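S.K.: Now for the letters of each chain:
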Amino acid sequence: MSKAAELAALIGSQTAQGNKNLVKNGSMVVSQRATSSTSITTAGYYTVDRQYVEINNAGTWTMTQSDDVPAGEGFAKSFKYDCTTADTSLGTSHYFIHRYSIEGQDLQQLMYGTSSAKPVTISFFVKSNKTGTYVCELQQLATDGSFPRSGKAFTINSANTWEKKTVTINGNTAKFTPDSNARGMDIMIWLAAGTDFTSGTFNAGNSWTTTNNERVGALTVNIADSTANEILFTGLQMEIGEVATPFEHEDFATTLEKCQRYYFESKRVGAGGVDYGQVGRISNQVQGLYTQPLPTPLRGSPTITANPAYNTGSSWNNNLSGVTNVTWTGAPALYSWHANKNSVEWSVAQTSIASGYVGMVIQPYANTGQSENYISFDAEL
Amino acid sequence: MNITNAKYRNGPIIIEGVAPEANIGVDCLIDGKHVVVPTDPANRHYAEILKQVAAGELTIADAD
Numbered sequence: 001m002s003k004a005a006e007l008a009a010l011i012g013s014q015t016a017q018g019n020k021n022l023v024k025n026g027s028m029v030v031s032q033r034a035t036s037s038t039s040i041t042t043a044g045y046y047t048v049d050r051q052y053v054e055i056n057n058a059g060t061w062t063m064t065q066s067d068d069v070p071a072g073e074g075f076a077k078s079f080k081y082d083c084t085t086a087d088t089s090l091g092t093s094h095y096f097i098h099r100y101s102i103e104g105q106d107l108q109q110l111m112y113g114t115s116s117a118k119p120v121t122i123s124f125f126v127k128s129n130k131t132g133t134y135v136c137e138l139q140q141l142a143t144d145g146s147f148p149r150s151g152k153a154f155t156i157n158s159a160n161t162w163e164k165k166t167v168t169i170n171g172n173t174a175k176f177t178p179d180s181n182a183r184g185m186d187i188m189i190w191l192a193a194g195t196d197f198t199s200g201t202f203n204a205g206n207s208w209t210t211t212n213n214e215r216v217g218a219l220t221v222n223i224a225d226s227t228a229n230e231i232l233f234t235g236l237q238m239e240i241g242e243v244a245t246p247f248e249h250e251d252f253a254t255t256l257e258k259c260q261r262y263y264f265e266s267k268r269v270g271a272g273g274v275d276y277g278q279v280g281r282i283s284n285q286v287q288g289l290y291t292q293p294l295p296t297p298l299r300g301s302p303t304i305t306a307n308p309a310y311n312t313g314s315s316w317n318n319n320l321s322g323v324t325n326v327t328w329t330g331a332p333a334l335y336s337w338h339a340n341k342n343s344v345e346w347s348v349a350q351t352s353i354a355s356g357y358v359g360m361v362i363q364p365y366a367n368t369g370q371s372e373n374y375i376s377f378d379a380e381l
Numbered sequence: 001m002n003i004t005n006a007k008y009r010n011g012p013i014i015i016e017g018v019a020p021e022a023n024i025g026v027d028c029l030i031d032g033k034h035v036v037v038p039t040d041p042a043n044r045h046y047a048e049i050l051k052q053v054a055a056g057e058l059t060i061a062d063a064d
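Residue numbers (the numbering used here), protein chains in the order written: chain U, 1 to 381; chain X, 1 to 64.
Rather than coming from a laboratory, the hints here were simulated on the basis of the structure.
Every value quoted in this text rests on a predicted model; they were computed, and no experiment measured them.
There could be a bad hint or two in this list.
Derived, one-sided and incomplete: chain U residues facing chain X with beta-carbon distance under 10 Å [unchecked claim]:
no., residue
1, Ala71
2, Asn181
3, Val243
4, Ala244
5, Thr245
6, Thr296
7, Pro297
8, Ser301
9, Lys341
10, Val348
11, Tyr357
12, Val361
We treat Cβ as the ideally placed atom computed from N, Cα and C, and that holds for glycine.
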């Protein structure tokens, strides 16, 4: 193919256009929750935004937003897993997976469920002391409730060396992806798995299957088998087509805004401990009602969490500025969320207050003096 | 995800004398943190609660 034809094909594939990366925060620069978290044994979001760990009885881990990055690629951060308690003999149903999830409405351009379903190419940089063959899988959460999967193997060839890996996976012509804010697809990078997932014949990424034991037959490593093990990722990108193009870097503010669709924290400012941006009213003698402005509309109904928890050290009150504090008696609860709107309302129970205060303006107030008090809004997939 | 002490939560009283909306959330501990999970299947925590309830691993008490 001539260079002109290659260029035309690239443009036609849409991969040469901006905003090509279906992964948000693939450069691992945003880490709202924490930059490091220790003693992790269960699934969840812990450090770097949008990056989820699926773990089931596969060791104990420290997860970190790391400054260790591949040279000459323009990255500043990576995501690091460090094994602190090993599991040398995984049970049949046990696993350890790095997962990235995508909303169904962002996947309609892939035209899954039609004869025009498009292939995607996933690329990332990886570094580990643990050489061997791993599996990168796509898991579709189809409209019929099934979970079709298709994966391909990749190999870490050199210990403790950054390497770029690329896999291309054909589109699923048989199953639709939901056109909604629900989870529609997962990128699953398998780092350890029991025989429930490895005992079948690996489908090698050319077809989609719902059979569990065909998912990762090519996996030859157990990243959890030694406390000397660690693995780092950055530059995660998924784009339409069969070509891995260079990683699409973007400015920090853009990436942060994308991440805040899924999670954000309202943190206190000033010595008084009042949470900036939250103003409410006493809705009745035993309840406060708050409106929280959002930096960007949240994907869905958030789980709201007070940090520290409302009942540890009597930390939280509804503060009637200059008048009095009314102690919270329960955890905050979402009252209303609306799609694509820029605020949510939440309520919290309080000790009873005189009827004369109903309707007065309040702000949440943590009275224990911590500088790190905040309220989080979690609408992750 | 370790979920315990699950109990439905009614909505706030917005107007005195008008009954609050029922079961707007599930009051529970998730991995030791006290939260109220909105009863929206698109919320990942509520999806997990429904999964554990279906598996018989969790029950949700009625709201007060």
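S.K.: When the structure is checked against the list of hints, which entries are broken? Sort them ascending.
M.R.: Of the numbered hints, 1, 3, 4, 5, 6, 7, 9, 11 and 12 do not hold.
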